[in-house]
Amino acid sequence: MNLERSSGILLHITSLPGTHGLGTLGAEALAFADTLKTAGQRYWQILPIGPVGKAFDYSPYASSSTFAGNWLFISLEKLSQKKWFAGDPGDAFPEGNFADFDRVIAHKRPILDKACDDFFSKAGGDEKQEYERFCKSESSWLDDFALYSSLTQELSTGNWLEWEPVLSRRNPKALSHWEKRLAHGIRFHKFLQYLFFTQWAEFKHYCNSRGVRIIGDIPIYITLESADAWANPDILLLDEKTRKPVSVAGVPPDYFSETGQRWGNPVYRWKKGRGPNSAAFRWWVKRIAHLCKLVDLTRIDHFRGFEAYWAISAEEKTAVRGKWIKAPGAQLFHTIRDKLGRLPLIAEDLGVITPEVEKLRDGLGLPGMRILQFAFDFNNKNFYLPHNIDNRNCILYTGTHDNNTTNGWFYGREIDDNARKYVLEYLGVDDYSDFHWKLIRQAYRSVANVVIIPAQDILGFGEEFRMNRPGTAEGNWRWKLVRESITGDIIERLRRMGHIYDRIRDDG
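When we follow our numbering, the leftmost residue of the sequence shown carries the number 15, and every step to the right adds one.
Calculated directly from the structure, the hints in this document are not laboratory data.
Given the structure is predicted, the values throughout are model-derived calculations rather than measurements.
Glycine included, each C-beta is placed from N, C-alpha and C at the ideal position.
Watch out, some of these pointers could steer you wrong.
Unchecked claim - Here are the simulated lysine-lysine pairs, DSBU-like style, with alpha carbons at most 35 Å apart: (1) K286 - K300; (2) K258 - K337; (3) K136 - K218; (4) K353 - K285; (5) K452 - K51; (6) K337 - K255; (7) K187 - K142; (8) K142 - K194; (9) K187 - K136; (10) K307 - K353; (11) K218 - K255; (12) K122 - K97; (13) K331 - K255; (14) K142 - K353; (15) K340 - K307; (16) K331 - K300; (17) K96 - K122; (18) K218 - K96; (19) K187 - K68; (20) K68 - K337; (21) K286 - K353; (22) K395 - K452; (23) K395 - K337; (24) K51 - K96; (25) K122 - K142; (26) K136 - K97; (27) K340 - K353.
As the list claims (entries may be wrong) - What follows is a list of derived Cβ distance ranges for each label pair: (28) A100 - G289: 26 to 34 Å; (29) E91 - H401: 44 to 52 Å; (30) H401 - R510: 17 to 25 Å; (31) H304 - K194: 49 to 57 Å; (32) G110 - F388: 27 to 35 Å; (33) T256 - G502: 57 to 65 Å.
Make the full structure from the sequences, and use the hints.
So this is what it looks like as structure tokens:
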């Protein structure tokens with residue numbers, strides 16, 4: 015897949031501005047698409063869009079379903095326009111730079127519960143038929159997800175290993191019993207998904223009508239505490255008796271952590287007997303197909319894990335003592351391509367990248383990634399330096415959601431004065447002011463076909479506004495924009511750079 019020369023902005027949905035406590039698919043989402051259009055941006059990159067929970071600090075990379083949508087994205091503002099909605103969206107939240115997930119959930123959940131009752135008692139026949147069609151078309155994952163979510167609430171835990179064995183092992187009679195007992199809750203969770211996917215379709219249509227393409231994100235691993243793991247244990251490497259993970263995923267020590275990262279997700283059971291595990295392959299085909307309906311391009315997180323993955327014994331507390339195990343690689347992606355056709359995928363090829371990983375990426379024709387914050391180690395052969403980009407068909411970032419902000423990185427403690435001088439010398443500038451624009455300009459003038467800049471970098475924000483600190487369990491994923499923070503001057507500056515460095519189409 016060849017990408018045209020262009021640019022975009024990285025901003026997750028929850029980081030959109032507004033008075034709803036966190037970003038939604040309402041007016042502010044459409045307004046941001048307009049901003050991207052005016053600024054000459056082709057792409058809007060987001061993080062994974064699945065449901066999140068307090069148990070994992072609301073991380074979008076630890077979702078209870080890889081198919082369901084995050085109901086917190088639902089716009090009450092748009093919902094209030096429905097004739098059948100008799101509720102009140104409630105008071106506005108004060109604007110701020112950080113989302114309050116707990117408060118938003120406490121505010122939003124009862125309103126949506128009332129909306130569900132309103133829908134089934136007052137909605138017209140046409141809309142109810144749309145709901146039924148949605149439930150039928152998505153039943154392969156929706157039924158399990160709605161039951162899992164209802165059981166999680168009823169039993170006060172999403173860890174299905176703690177449920178009674180007939181439930182954790184999915185005994186048909188037990189499932190039937192609980193489906194009847196929790197019918198109201200199941201209906202509610204299906205209704206939330208209907209609202210989410212309806213609003214998402216409208217959001218994507220609007221973005222595309224403005225010439226903006228959405229880059230989604232698909233984590234390679236799923237959490238054990240998820241509807242996916244409960245409904246599909248045969249795709250994971252679990253102990254036959256206990257159903258606990260034999261090995262968990264992570265990465266060895268690297269730039270982000272001296273002890274590596276022990277993610278804790280179960281790894282996949284890629285083999286069954288002497289051949290591939292067909293259940294895992296089918297599940298991945300279904301997963302990619304599903305997300306391709308929701309976004310225009312998809313970044314596959316931790317792409318190198320499809321060539322070989324770092325397996326850590328479930329007993330280990332850190333990721334230091336692990337081992338590389340071969341994954342199916344091209345065989346899996348050829349299966350996906352045979353079923354779906356083209357692969358509109360981007361390989362997140364960061365970390366320990368070997369010639370085998372590069373061969374897999376290039377053999378599939380997938381664009382890779384480069385990160386400017388990784389470039390300046392006094393080595394003029396550094397892979398990430400712009401002059402070493404040997405394949406234009408890549409995406410260049412100043413940083414990602416896992417990095418510090420550009421100004422936080424440059425002015426903070428991650429690099430010393432000698433490194434700062436080296437960075438400025440490379441960029442060909444002398445003064446230290448407005449460093450974020452200096453690095454953005456370097457990205458724009460590079461040969462990389464696509465440049466993506468985190469919204470915090472465009473605004474020149476410091477470390478306190480970074481999205482995630484890998485290896486930490488609390489306080490992440492909360493940063494959000496304040497309305498009108500992306501000023502007309504910033505928009506014009508981006509557009510001007512886009513023209514200078516040939517990143518805007520003539521009709522842009």
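Results for each hint:
1. K286 - K300: At roughly 19 Å apart (the allowed maximum being 35 Å), K300 and K286 satisfy the hint.
2. K258 - K337: 19 Å, holds
3. K136 - K218: Status holds; Cα separation ~28 Å.
4. K353 - K285: 20 Å, holds
5. K452 - K51: 23 Å, holds
6. K337 - K255: 24 Å, holds
7. K187 - K142: Roughly 29 Å separates the two Cα atoms, so the pair holds.
8. K142 - K194: 21 Å, holds
9. K187 - K136: Roughly 34 Å separates the two Cα atoms, so the pair holds.
10. K307 - K353: The given pair, whose Cα atoms are some 14 Å apart, holds under the 35 Å limit.
11. K218 - K255: Violated, at about 44 Å.
12. K122 - K97: Since the Cα atoms of K122 and K97 sit roughly 19 Å apart, the hinted pair holds (cutoff 35 Å).
13. K331 - K255: Status holds; Cα separation ~23 Å.
14. K142 - K353: 32 Å, holds
15. K340 - K307: Satisfied, since the Cα-Cα distance of roughly 30 Å is no more than 35 Å.
16. K331 - K300: 33 Å, holds
17. K96 - K122: Distance ~17 Å between K96 and K122 Cα, so the pair holds.
18. K218 - K96: 20 Å, holds
19. K187 - K68: Holds, at roughly 31 Å.
20. K68 - K337: Judged against 35 Å, a Cα distance of about 31 Å means the pair holds.
21. K286 - K353: 21 Å, holds
22. K395 - K452: 21 Å, holds
23. K395 - K337: Answer holds: K395 to K337 is near 28 Å, not above 35 Å.
24. K51 - K96: Roughly 29 Å separates the two Cα atoms, so the pair holds.
25. K122 - K142: Holds, at about 23 Å.
26. K136 - K97: 8 Å, holds
27. K340 - K353: 23 Å, holds
28. A100 - G289: 26 to 34 Å: Check failed, 56 Å falls outside 26 to 34 Å.
29. E91 - H401: 44 to 52 Å: 48 Å, holds
30. H401 - R510: 17 to 25 Å: 24 Å, holds
31. H304 - K194: 49 to 57 Å: Hint violated: Cβ distance 28 Å, outside 49 to 57 Å.
32. G110 - F388: 27 to 35 Å: 31 Å, holds
33. T256 - G502: 57 to 65 Å: 59 Å, holds
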